[in-house]
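Student: Following the hints, put chains B, C, D and E in place on chain A, whose structure we already have.
Chains as they are written, first to last, in my numbering: chain A, 1 to 175; chain B, 176 to 379; chain C, 380 to 740; chain D, 741 to 1251; chain E, 1252 to 1475.
Derived by calculation from the structure, the hints in this document are not laboratory data.
Incorrect hints may have been included.
What the hints assert, rightly or not - The following label-pair restraints were derived from C-beta to C-beta distances:
no., chain 1, residue 1, chain 2, residue 2, range
1, C, P452, A, P159, 25 to 33 Å
2, E, P1442, D, N1190, 56 to 64 Å
3, A, D123, D, R901, 20 to 28 Å
4, B, A213, A, A3, 22 to 30 Å
5, C, L549, B, G362, 44 to 52 Å
6, D, E998, C, T615, 30 to 38 Å
7, C, S402, E, G1258, 21 to 29 Å
8, B, A211, A, S7, 17 to 25 Å
9, A, G50, E, S1469, 40 to 48 Å
10, B, A232, C, T538, 52 to 60 Å
11, A, E36, D, E947, 48 to 56 Å
12, B, A213, C, L549, 52 to 60 Å
All C-beta atoms, glycine included, are put in the ideal place defined by N, C-alpha and C.
Chain by chain, the residues:
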Amino acid sequence: MIAAILSLTVLGAILGIALGIANKFLKVEGNPIVDELVDLMPGSNCGQCGYPGCVGAAEAIVAGTAPATCCPPGGKALVSAIAAKLGLTVDLSALGDDGPKIATVAEELCIGCCRCARVCPTDAILGGPKQIHNVFREACTGCEACIEKCPTEALVMKPVPVTLQHWVMPKPRLA
Amino acid sequence: MNLDTLRDKLGYQPLLLGIVALLASGALAVVSDATAPAIAAAEAKDLRDSLSDVLPAGLADNDFLKDTVELDRDGKTVTIYRARQGEALKAVLFKVAERGYSGEIQVLMAVDMDGRTLGVRVLKHTETPGLGDKIEVKKDNWVLSFNGKSLLDPTPERWGVKKDNGVFDQFAGATITPRAVVKAVKGGLEFFTAHKAEITGQAA
Amino acid sequence: MTPATLTAQTVASPHAHGGNSVSRTMFRVQLALLPATLYGFWLYGWPAFFLWALTILSCVAFEVLSLKLMGTPRVKATLFDGSAVLTGWLLAMTLPPWAPWWVAVVGGFIAIVIGKQVFGGLGQNVFNPAMVARVALLVSFPLPLTLWVAPLPMSTLPTPDFVSSLRIFLTSLPVPDAMTSATLLGHAKTELARGIDLATALHAGPDLSWIGMRAGSFGESAAILILCGGLYLLITRVITWHAPLAVLAGVAIPAAIAHAVDPGRFLSAEAHLLSGALMLGAFFIATDYVTSPNTTTGQIIFGLGIGLLTWVIRSFGGYPEGVAFAVLLMNAMTPVIDRFCKPRILGRDRKGKPLDIPENA
Amino acid sequence: MGFMNLFKHFLGDDWGVHPDDRKRPAADRPLRVMPVPEKLYLPLQQHLGGPARPVVLVGQQVKKGELIAEAQGMISAPIHAPTSGTIAAVTDITAPHPSGLTLPAIILAADGRDEWIDCQGCADPFALDPVEIGKRVAAAGVVGLGGAAFPSAVKLTGAARSKVKTLVINGGECEPYLSCDDRQMRDRAADIVDGIRIMLHATGAREALVGIEDNKPEAIAAMQAAAAAVAEVHIRPVPARYPMGSEKQLVQVLTGKEVAAESRTFDIGIVVHNVGTALAVRAAIRDGRPLISRVVTVNGNCANDPGNVEVLVGTLAEEVIAFAGGLKGDGIGLARRVMGGPMMGMQIPHWRVPVVKGTSGILAFDAQEVAAQEPDPCIRCGSCVKACPMGLLPLEMSARIRNSAYDEAVGIGLKDCIACGCCAYVCPSKIPLVQYFVHAKGELAAQDRNKLRNDATKKLAQQRQERLDREAREKAEAAAKRKAEREAAAAAKAAAEAAAKQATETEGESA
Amino acid sequence: MSDIQYGRIIKDGLWEQNVVFAQMLALCPLMAVTTSGTNGLGMGLASTAVLVCANVLVSLIRKVVSAQVRIPVFIVLIATLVTIVDLAMNAWLHELYKVLGLFIALIVVNCAILGRSESFAVKNGVAASAVDGLAMGLGFTGALVLLGLVREFLGAGTLFAQASQLLGPSFAFLEVQVPGYGGALLMILPPGAFAALGFLLAGKRIIDRKLAEREAASAEPAAA
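Just chain A, with the same shape it has in the complex (with noise of 0.2 Å):
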């Protein structure tokens, strides 16, 4: 009997200092996962998600503080990315998504103040003062940061059209 008590204890015992060691050499540092979820996003920093850049807002969505959906440029692509990489489900129906979206500008209405190409994260709006701004369409991410600058309401969203390099042929109706 005293055997077996011994024999159980001193086992314990040697089974803890194995996994105390093995927590101080096998500690992984960081989460490798908020790395994977900064790749997926549009890393311009807009701030829309009210985090400080995109990393910001990878880490609150990982710890949890942040729902899937609070990335408004990523769109449905990327909450279905995330949620996919994550194991969440989420509703995609909820989110107004009608495909992404970009800012232009209407040129009559321009009057060149340059406010837009200021706060723009990708220096996506080109133009000089008292000059007519443009957007570049391909290096815009759609982040909407512009639009409430624009003292005239030159700038409006339009979804980016869709040309035939850009066209894919839709999935086939379910059977």
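Tutor: Just chains B, C, D and E now, kept in the frame of chain A:
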């Protein structure tokens, strides 16, 4: 003392696990000690109950659990319990086993000194429920049909199920199970006949 | 015209179709089953017909019920693809000819609801529904499922007329002993278990017959007619030869070897080939599209597996017949076989690496 | 299905499909030449690669064969005026594409005179340097006429560079309904053989193998007669089986060599060209004429008078059909409009779509021909696996794409799919397999584009941050500098004052 | 820890987070034991006892246990508890032990118990953990009994066979035998357990959906 800082210290883990193991094994030791006599008593009662199941009431007045002899049968030790009335040996009880449809069937049988079965019970089996489990006395009276049978009654070629021209019934849909039990009982009787001298202790 | 209105109806190539369809395939299989079925009616009389009709009917009924419960919009289209009828038909072929009515109904439920719809309906089931039902029935109700009636033209008793047939079918009264008979496999198993040599046992036992003059399931008896149906399917390209031939070989080869070694213990290859559900299994069950591998190599492995397992179960197992168990076991292996037997992609080696470019081409 | 096919089926050597070829009677009707239409619509991208850039202005007069748009980039082709006339507009028109989207095009109003510019022909092409031939072919805007429209000059010069030994000429024309190559081989066999010889010269190949499906006996006979005197050109009948005209399959049947995945025929010393391309190369070299017309098959149950028509590139399909006899009952019963063949061609939304360089057929199908039906669930019959000429598992790929597991589909061979349509053709459940694959390929390309875009965005954001930091730093530095200057000035001033004070003090002291 | 909603915990244990029907845990004892309603009941009650004790103990020591060794500690605790229950039953409830004996040891590997320790007891107070253990245990018992009854009824045509052996002779009235029905043996065999569990799971989902619909329907006029 701050537990939070202490918990991550290297020495804390073996200490904690060691204490838990100590407490657990200690508790088990206490409980085991406390229950051992009760368990032994209950198990002895079980065995006595099942033995007296096959033994007709009033046949024995000794504590046949204590009056045993151990014999070797095909490399396995068989414990034989002897029931006596006064000094006269009235019956012996022992277990036999046979492969059934799915695994071993353990049969307990009581044999009187003339080589007649006094009773047969299936102790343990893994036969298909609802099909082969009619060998249990709880489910069916079938095992009672062995009562009073001996190696000469019926004759050896009639020691089988009806399908094999024997005298014992088989159940619908299952032939293998009753066949195994019949074989076990027959084997038990043969074993008894072969070792009668040793069992009764006359050889010794 | 705006692009939006145009993109609504985009259709990819090809703009032509070979004309094959699910219902045509199912119809051809049923056509191939017809000769053996009609012959079965003649052998076993009206009860066999009732069993056949009710099995199919209950399969179709459970199919409709499941589709309705699941709210599938395409009830009619799914129903008329003929797959439920075929499942019921195949199941009926493997049942004892005089099985009572409730066997047909319970069988239909197991085949369609548990064997097929629970997995997601046509094309999604892992196991052959008819075989699932056959095995479930056999395990659940061993008694009525192992009661074989001798073919009537062979029996001494007169053929039951329509009314008494209906009574046999609906009341599940025990069949008179004079009409029952053991199957060859069952007889061999019982005698072997008693320790009687096969050579002696088969003297008194049932004969082998290419034309079904022996006890057995209602649709399996006439090996020759099943074979004809199978050949029809081969010629119309509904099936390929790989799986059936592999099944037959898988049984015949080990059987022939074992029989040569110990004829007193093992049945001959011929006895195995002409017994039980082997022919039906080889041509109609092992070739089931849904539950068999996609590639020809896979089908050969699958068929050999069924054959070998059938022989093992028949020779060493608890049940006298093993085709249904063997099919289910190999069905479970199908995804694995499919994973490892892939066709070689043109321009790549078997592992999927691009071929080496020859130096001096 | 002949007996041989059944035998092959039993052996398992059964890739591809044997569709009813429906080539006759259209193939047997003589070639008709369509007159110049009023207006020609010339999309700037009629070929694989970068779109051409217009070099004409609206209102400018051009002559037949004049360059109106130049090639842009390494892989591209120029476009020439198919007739003389005035440039009416440069605008967007409906593209010959299943999406029904628009693409930019030059619209040319014909003046009816059909005046050629001066063509610089060459009497003896074999005296020309192969590189020069390549340049002339490129300048003539010749692209592969089999359907893919890959710029031919790129292939010719590439073949010469990689020391190709065998030139395979694709006369397979395995697509049902189409007979434009068949017709040209019957009518212009000598010219084709001449074109092949020029190509042999240009590529440096030693021999040319012309593969022609055995369902075109007349074409085989004509070509054999024309090539009888040319030792290095061999006419090789091949069994009629779709997709025999696919590059990798034809090369394997003709030479027994297998083109490795992710590489090209060059790597095994072979280059493949279409018979129509041979004619276009001949015209470009011998006559100096650019590619401005092609032969198109008009066919389908709805076509009144099926046959082959030689039309100018840029002619609307509508006008081609009208010239070729119109539609039965003015299009009643028309179920689908297709450009190209039935197996790989594309559905077009209406007939006002121009014929481009790669257009091989204009097909008007009735409902019975397209056999469009609601798809049934997959029954895993494996027909598609047997039919796939590439050895893929279409049913497995489509199941994965259905669940949007595109990467898994790539893992089991999606990238090797040639979209030939055999799988969908044989599928008893009528599952639009090719549509799944095309969708997945598009989706993957879109994902790649998105990734590139994301990376670019990150770079932009980073650059902006650096710029802002730099500006802030410069500002701070400037401020610091100014401050330092100010302080220095103040210190100097103070020092001067102190000095002055001291001076006065000392003066006073000394005084 | 004052805002613990006991109603919530009980509802979770019995239905929403039911060990079997929602979490799909403890399937091994589930399949092995549920050949009859009686077996299911016995196993369920024994598991409940262990579950409550384990939850209470884990909750008591939760502040002392460090993350690195918590799993071995919990396992040792649970194994000890089960062994004590096993010994005690063998000694003092011998008749019951004869029915359930084989299955008691199985409770050690019942992942539901470690699961509750890990997910609930280690984060909550003693009282809440005890309630959670009880609710989860009763939910588990309910599932076992239900599955046992279904299998028993379909497979053997009886209900609560041998209940009097477990609960005492006064419960003999529970034992029901369907006359004239031999039973489908498959349901008693392991495949039958899977099939029956599958249908019960489907049933729970249907009920949940109906409940959600009713909730939505009753919530709508309130919102409007």
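Student: Each hint needs a verdict: does it hold in this structure or not?
Tutor: Do the hints match the structure? See the list:
Restraint check, C/P452 to A/P159: a C-beta distance of roughly 32 Å satisfies the suggested window 25 to 33 Å. The hinted range of 56 to 64 Å is not satisfied by E/P1442 and D/N1190, whose Cβ atoms lie roughly 48 Å apart. Taking the beta carbon of each, A/D123 and D/R901 are about 42 Å apart, not inside 20 to 28 Å as hinted. Checking the proposed 22 to 30 Å range against B/A213 and A/A3 shows it holds: the Cβ atoms sit about 24 Å from each other.
The hinted window of 44 to 52 Å between C/L549 and B/G362 holds, with their beta carbons roughly 46 Å apart. For D/E998 and C/T615, the hinted distance range of 30 to 38 Å is satisfied, since their beta carbons lie about 33 Å from each other. Checked against the given bound of 21 to 29 Å, the beta carbons of C/S402 and E/G1258, roughly 56 Å apart, lie outside it. In this structure the supplied range 17 to 25 Å holds for B/A211 paired with A/S7, their Cβ-Cβ distance being about 20 Å.
Checked against the given bound of 40 to 48 Å, the beta carbons of A/G50 and E/S1469, roughly 35 Å apart, lie outside it. In this structure the supplied range 52 to 60 Å holds for B/A232 paired with C/T538, their Cβ-Cβ distance being about 58 Å. For A/E36 and D/E947, the hinted distance range of 48 to 56 Å is satisfied, since their beta carbons lie about 55 Å from each other. Taken as a hint, the range 52 to 60 Å holds for the pair B/A213 and C/L549, whose Cβ atoms sit roughly 59 Å apart.
In summary, the numbered hints that this structure violates are 2, 3, 7, 9.
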